Amino acid sequence: MSFNVPQDLHFLDSHEWVQVDDGTARIGISDFAQDELGDVVFVDLPSEGDELAAEEDFGVVESIKAVSDIYAPVSGTVTAVNDDLVDAPELINEAPYGDGWLIEVDLADESELDDLLSAESYEAQIA
Amino acid sequence: MALRQPPLAAVHEESDASLTEFGGWEMPVEFESIRREHEAVRETVGRFDVSHMGQIAVSGPDAGRLTNRLVTNDVSDLEPGDVNYAAITDEDGIILDDTIVYRPPTDWSVGADYLVVPNAGHDVEMTDHWVEHRDEWDLDAAVENRTERHGMFALQGPVAEDLLADETDADLGQLARFETFVAPVAGVETLVSRTGYTGEPGFELVVPWEEAEPVWSALDCQACGLGARDTLRLEMGFLLSGEDFDAEENPRNPYEAGIEFAVDLDSEFVGRDALEGVDVEGVDEKLHGIELVDRGVPRAGYQVTTTDGDPLGRITSGTMSPTLGYGIGLAYLPVDRVHPGDAIHVEVRGEPKKARTTTTPFLDR
Numbered sequence: 049m050s051f052n053v054p055q056d057l058h059f060l061d062s063h064e065w066v067q068v069d070d071g072t073a074r075i076g077i078s079d080f081a082q083d084e085l086g087d088v089v090f091v092d093l094p095s096e097g098d099e100l101a102a103e104e105d106f107g108v109v110e111s112i113k114a115v116s117d118i119y120a121p122v123s124g125t126v127t128a129v130n131d132d133l134v135d136a137p138e139l140i141n142e143a144p145y146g147d148g149w150l151i152e153v154d155l156a157d158e159s160e161l162d163d164l165l166s167a168e169s170y171e172a173q174i175a
Numbered sequence: 003m004a005l006r007q008p009p010l011a012a013v014h015e016e017s018d019a020s021l022t023e024f025g026g027w028e029m030p031v032e033f034e035s036i037r038r039e040h041e042a043v044r045e046t047v048g049r050f051d052v053s054h055m056g057q058i059a060v061s062g063p064d065a066g067r068l069t070n071r072l073v074t075n076d077v078s079d080l081e082p083g084d085v086n087y088a089a090i091t092d093e094d095g096i097i098l099d100d101t102i103v104y105r106p107p108t109d110w111s112v113g114a115d116y117l118v119v120p121n122a123g124h125d126v127e128m129t130d131h132w133v134e135h136r137d138e139w140d141l142d143a144a145v146e147n148r149t150e151r152h153g154m155f156a157l158q159g160p161v162a163e164d165l166l167a168d169e170t171d172a173d174l175g176q177l178a179r180f181e182t183f184v185a186p187v188a189g190v191e192t193l194v195s196r197t198g199y200t201g202e203p204g205f206e207l208v209v210p211w212e213e214a215e216p217v218w219s220a221l222d223c224q225a226c227g228l229g230a231r232d233t234l235r236l237e238m239g240f241l242l243s244g245e246d247f248d249a250e251e252n253p254r255n256p257y258e259a260g261i262e263f264a265v266d267l268d269s270e271f272v273g274r275d276a277l278e279g280v281d282v283e284g285v286d287e288k289l290h291g292i293e294l295v296d297r298g299v300p301r302a303g304y305q306v307t308t309t310d311g312d313p314l315g316r317i318t319s320g321t322m323s324p325t326l327g328y329g330i331g332l333a334y335l336p337v338d339r340v341h342p343g344d345a346i347h348v349e350v351r352g353e354p355k356k357a358r359t360t361t362t363p364f365l366d367r
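These protein sequence lines map, in sequence, to chains V and L. In this note's numbering, each residue's number is its place in the first sequence (first place is 1) plus 48. In this note's numbering, each residue's number is its place in the second sequence (first place is 1) plus 2.
Fair warning: there could be bad hints in the mix.
[To be verified] Heads up, simulated SDA-like pairs for lysine to any residue below, C-alpha to C-alpha not over 20 Å straight-line:
#	chain 1	residue 1	chain 2	residue 2
1	L	K355	V	D157
2	L	K356	L	D310
3	L	K355	V	S116
4	L	K356	V	L93
5	L	K288	L	F263
6	L	K355	V	P94
7	L	K355	L	G343
8	L	K355	V	D117
9	L	K356	V	D92
10	L	K355	V	D135
11	L	K355	V	V115
12	L	K288	L	V337
By construction, these hints were calculated from the structure, which means they are not laboratory data. Quick caveat: nothing in here was measured; it's all calculated off a predicted structure.
Isolated chain V, as found in the complex (with noise of 0.2 Å):
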């Protein structure tokens, strides 16, 4: 089986994602990730405002058989959350770097980035 996994994209180890745009870092977790869940029924998100630190767990993603702590990717207030996660989780079955992402922070310190694993890094863990 392969997994998609966008070119453009950081990843920790852990199977989140990060994309930057013009300072906002938006996160969800990689469509490995939520075949290993299978469906997902339940996300735990922090609230706009809340501060992240780099590789410390931010939330959780139940799906029927398993729950999972996620990690944050970098470091961040965050500035906005997927509310439609809340009546529609299977979003990040669906379209796990599409509708089903998470939550976007402010990127405080864009040298975080280069921490991560690159695309090309990530496709040769989960392979």
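Chain V is already provided as a structure; the job is to place chain L on it using the hints.
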């Protein structure tokens, strides 16, 4: 220790199912999506490989007497073709396992006067249990652990009968609930029973180990893993051995577990006298259904409290109900403090979530 594998291990490998360890077996937990598999069974039909279930054949002049003295229900009056549900208890009335007892028809070429089906991983222990009591009571019966001689499948769902009818010339209309007969399925001699663990109409099939594959392949419908089996049984409030009772970790009697309907105090069995006392005196705790009002998923081990935060008990098994769309679970709670419909809390990662107690099944069927 190497895990035991079902006769279809290679077929499952080929199908890309994700596998899990369960009761010492390596079994498919999910073929495609637990939700899709669950919905297939509720709406149409699904097939399960349940070859991890134990199979103990008991035969001989005292087979019935021996088996009847080891299970809580009266199985002495079962005729060939009858099936019954029972618990297996110790002297104190504690549930060691729950089981289906078959009285296979006499035309089953494999032959067995009784077929006792304990849960995954209990087959060796229960075979020993039968053998020890046979010897202690000096009874004349052969006890054989056939777990790895039979494959077992469940075919469950509103159209299970239509699907099975296409693969057999037997008249399924003749088979009532909790009855069994021998029929060729895909040309293979099969012990077919109208039983199951999902709340849907359907069948369980016992087939020879070597001929499991052609039967499985012929029953061509959504393959379902242990994940969907668990969500389906939990919506019905059916117990899972090792979770909702466990002689070591969570010793419970049938009255606490809500299966007193499977206890016949007029029958002489191991644990009967202790259970008569329980029947008279009542229980302190009983298994309750729990429905989450807040969003969240109750899971085994989570604390159940009053709305003031006083501990009441712990979730023994729980899930997000795919059919109902909210979290459901089971917990032993004190009967003098909790009644069906009461507001309670379930602590999910330290956060109290609003919930209420309820009777089971969660789903009307």
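**Report entry** Hints the structure fails to honour
**Finding:** 1
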